[in-house]
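Each chain, written out:
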Amino acid sequence: MVLLVALGALAAVAARGPAPASTPAERVHAIATGLRCPVCRDLSVADSPAPLARQMHNQIAEGLAAGKSPEAIRQEFVAAYGESVLLVPARRGVGLVAWVAPALLLAGGTLAAVLAVRRWRARGAAPAASSPSAPGTSGADKVLLERALARFEEDPP
Amino acid sequence: MDRLGRYALLLALALAVWGLLAAVVGLRRQRPLAIESARTTAFALLAVVAAANGAMLAALLSDDFTLRYVAQNSSRATPGFFKVLALWSADDGSLLLWNLVLAGYLAAVAFRFRRYRPEALAGALAVMYAVAVFYLLMVSGPSEPFATLAAPPDGRGPTPLLQNHPLMAVHPPFLYLGFVGLTVPFAFAIAGLVSDGLSDRWVALTRRWTLAVWCFLTVGLLLGALWSYSVLGWGGYWAWDPVENAALLPWLVATALLHSVMLQERRGMLAVWNLSLAVGAFALATFGTFLTRGNVLLSVHTFATSAVGPMYLGFLVLVLAGGFGLIATRAWRLRAPGRIDAVLSREASFVGNNLLLLTLTFVVLLGTVFPLAVEATSGRQVTVGGPYFRRTTVPLLLLLLFLAGVGPLLPWRSGSAERLTRRLRLPLGAGAALVLALAVGGLRNPAAVAAFGLATFVGVANLAEIGAGLRVAVRTGSRRRPAAALGALLRGRRRYGGLLVHVGLALAALAITASSTLARQTDLTLSRGATAGFAGYTLRYEGMRTLRQPQRTVLVTDVGVARDGRDLGRMTPSLNLYPSASEPIGTPSIRTSPLRDLYASVVGVEQEGERATFRFFLNPGVTWLWVGGAVMVLGGLLAVWPTRRHPAAPRPAVLPSARRREPAVVDRG
Numbered sequence: 000m001v002l003l004v005a006l007g008a009l010a011a012v013a014a015r016g017p018a019p020a021s022t023p024a025e026r027v028h029a030i031a032t033g034l035r036c037p038v039c040r041d042l043s044v045a046d047s048p049a050p051l052a053r054q055m056h057n058q059i060a061e062g063l064a065a066g067k068s069p070e071a072i073r074q075e076f077v078a079a080y081g082e083s084v085l086l087v088p089a090r091r092g093v094g095l096v097a098w099v100a101p102a103l104l105l106a107g108g109t110l111a112a113v114l115a116v117r118r119w120r121a122r123g124a125a126p127a128a129s130s131p132s133a134p135g136t137s138g139a140d141k142v143l144l145e146r147a148l149a150r151f152e153e154d155p156p
Numbered sequence: 000m001d002r003l004g005r006y007a008l009l010l011a012l013a014l015a016v017w018g019l020l021a022a023v024v025g026l027r028r029q030r031p032l033a034i035e036s037a038r039t040t041a042f043a044l045l046a047v048v049a050a051a052n053g054a055m056l057a058a059l060l061s062d063d064f065t066l067r068y069v070a071q072n073s074s075r076a077t078p079g080f081f082k083v084l085a086l087w088s089a090d091d092g093s094l095l096l097w098n099l100v101l102a103g104y105l106a107a108v109a110f111r112f113r114r115y116r117p118e119a120l121a122g123a124l125a126v127m128y129a130v131a132v133f134y135l136l137m138v139s140g141p142s143e144p145f146a147t148l149a150a151p152p153d154g155r156g157p158t159p160l161l162q163n164h165p166l167m168a169v170h171p172p173f174l175y176l177g178f179v180g181l182t183v184p185f186a187f188a189i190a191g192l193v194s195d196g197l198s199d200r201w202v203a204l205t206r207r208w209t210l211a212v213w214c215f216l217t218v219g220l221l222l223g224a225l226w227s228y229s230v231l232g233w234g235g236y237w238a239w240d241p242v243e244n245a246a247l248l249p250w251l252v253a254t255a256l257l258h259s260v261m262l263q264e265r266r267g268m269l270a271v272w273n274l275s276l277a278v279g280a281f282a283l284a285t286f287g288t289f290l291t292r293g294n295v296l297l298s299v300h301t302f303a304t305s306a307v308g309p310m311y312l313g314f315l316v317l318v319l320a321g322g323f324g325l326i327a328t329r330a331w332r333l334r335a336p337g338r339i340d341a342v343l344s345r346e347a348s349f350v351g352n353n354l355l356l357l358t359l360t361f362v363v364l365l366g367t368v369f370p371l372a373v374e375a376t377s378g379r380q381v382t383v384g385g386p387y388f389r390r391t392t393v394p395l396l397l398l399l400l401f402l403a404g405v406g407p408l409l410p411w412r413s414g415s416a417e418r419l420t421r422r423l424r425l426p427l428g429a430g431a432a433l434v435l436a437l438a439v440g441g442l443r444n445p446a447a448v449a450a451f452g453l454a455t456f457v458g459v460a461n462l463a464e465i466g467a468g469l470r471v472a473v474r475t476g477s478r479r480r481p482a483a484a485l486g487a488l489l490r491g492r493r494r495y496g497g498l499l500v501h502v503g504l505a506l507a508a509l510a511i512t513a514s515s516t517l518a519r520q521t522d523l524t525l526s527r528g529a530t531a532g533f534a535g536y537t538l539r540y541e542g543m544r545t546l547r548q549p550q551r552t553v554l555v556t557d558v559g560v561a562r563d564g565r566d567l568g569r570m571t572p573s574l575n576l577y578p579s580a581s582e583p584i585g586t587p588s589i590r591t592s593p594l595r596d597l598y599a600s601v602v603g604v605e606q607e608g609e610r611a612t613f614r615f616f617l618n619p620g621v622t623w624l625w626v627g628g629a630v631m632v633l634g635g636l637l638a639v640w641p642t643r644r645h646p647a648a649p650r651p652a653v654l655p656s657a658r659r660r661e662p663a664v665v666d667r668g
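As they're listed, the protein sequences go chains S and E. Note that numbering that gives the first Met the number 0 numbers the first sequence so that position 100 is 99, with each residue one more than the last. Note that numbering that gives the first Met the number 0 numbers the second sequence so that position 401 is 400, with each residue one more than the last.
Check before you lean on any hint, since a few could be wrong.
[What the hints assert, rightly or not] Here are the simulated distance ranges between beta carbons:
1. E/Gly313 / S/Gly81: 30 to 36 Å
2. E/Gly313 / S/Leu103: 37 to 43 Å
3. E/Gly564 / S/Leu95: 51 to 57 Å
Calculated from the structure, these hints are not laboratory results. Note that beta-carbon positions come from the ideal geometry of N, C-alpha and C, so glycine has one too.
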């Protein structure tokens, strides 16, 4: 249980994303990884070797040096290239769906799995007690055993 | 050549239709002769489809530019090796190869079940022939590989990116072997569903097929990553490109299926769930091809463009509606009373594994189709890229990694917390020691620290399991040590193979964490003779050479590398100028070592090579991604290797040996 809580906390930390950048170069890089290079479909400004990407990289560095906030710099690029320049969907409007759906699914799936395991366990407890003939083997086990044996019989040589 | 190819494809279509009809008649009327005809037709189909592929190959090699495909994807100057590769470097040709692989699987199934005929064979053949009919229709209508034109004097040559590296020779064929191979479990699952007996035997019949297919998919994904790393020059190997995602999706579902079928084999549980996974994996493989060929999106893989989208979409809808419709209407009768004895059990860990893998599949699928869905509904353009996928998948991957370490230590049925703690001591200790060392060493990224610790935990836990099992075999065996250990390894190949896959996974996870969180990069513009420092290396630009090759011109820049005053030789990142491409295409130069790769690409040259701009990367640990991947595939191969049953051996002897195969509970107390 303790282990599970620790794991949950860990996953939550991981979901929050990378640690805040400290050096100027790291801060530029952090913004550049979140922007799409407009001339190459799926690379970020940080990854792309295209001239435009390098120009954008310099623009970020200049903006930061001039004291602009990362969000302001991002908005400048959105104004210039449109919303699709952001590599991550916005956390509002339609974009919110992309963020909420995975969490909802994981929560729902976990709930379903926990319920299923509990039901399977409850079912396991009852017949095990009511089979005095062979301790440890329930009726369901016998069915499984017979099925397995039958399979060996019909398996190919 | 075009006639031969076209007639071969028409004949193949006729054969596939015949096979489909014969299999359906054999199934419905119980005619063994019809089933036999459907079975043997598979070999003829393979021969004819191979002839069509051969015709295309001959046309490519003989520069027959009357074929549109050859004119567009090859040229006189293209080296012979890349002429062969041109067979699958564009849509129409790769569909030919796709058909060949599918016919190959049909023939393999027909051969495998030549003597032993399971009840599901007729149904499975019918499903496979139906799929073959679809793909053969595709190459004789919407996609026309053998279309002709007035021959131009020379062809255009393959897409430059695709003729830039020999890895293109193996990456697509392996992926096709994986994608198409998912037809086999799908076909047997459907066959079981439609049969009167409504059997769930497909799980036992196709387990090894699914494993083999999983190996192919893994190799295909790895080669794709390796190609991206050594050709594209951006210093990475996985860009969360939609096409990469499309290949990852079936792999995730196939991995889930390989785990959850064990619950069905052992405990008779999850019959309906497993059917859904088999249908889902096949549907996602189809979806992937639809995404790449249907011209739905533009990406690095834009060379796949043709007008076959609507047909794919129709086929996909048919697969989904048919598959899940059958499951909904018939499979409920397969439901068995599931039973789990304890939460601390292998069974429960498999449930967790499936939950996480399926959530991952959903997240990747959502991120991939989200921009398309938003654009289709609201006309707005949004991008879902690497940062989104990293943010959403990393927590799930970490939890999955944890299960890959704990799951194999848990016994079937019911484990005791005390025994688990004892077996967890060594791996948890190793993981914790690494975490502590990294924290003291100043690594501040919590997700990275956690990933390093968990990967170490998984590696040590699974290695210790293998070691413990082999030690027992050596101690109790009468033979000499290596022989006894090897014997035990081979006897328990299913179990040890699985553990080995987890060890490989741990290595790959270490490599991915290291390279994605500790990498460094810099852009340097150097004049000839100038030096600059980067990450402890001294880099000296020595000048540019021009190589003229028949199909391209290569600008090679020479960069001398030294570290601590010691000369380490030269790196030669280059730019390739192809007549058919407006932009130069780079070829990076990589100095690989076990701990880190120094990676250089040249971004641009000025003044005839007097000045050049480079991008250098220091990528720690990437080598271990390839090593880990190779170990995973090795583990898969170990598990898939057939168990030889001696026909002479008395039948009942099989049962105890099957049980002996898992020394799951190695009691060392």
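Hints and how they fare:
1. Taking the beta carbon of each, E/Gly313 and S/Gly81 are about 33 Å apart, inside 30 to 36 Å as hinted.
2. A hinted range of 37 to 43 Å for the beta carbons of E/Gly313 and S/Leu103 is inconsistent with their spacing of about 31 Å.
3. As the Cβ distance of E/Gly564 to S/Leu95 is approximately 56 Å, the hint placing it in 51 to 57 Å holds.
When held up to the earlier numbered hints, the structure conflicts with hint 2 and nothing else.
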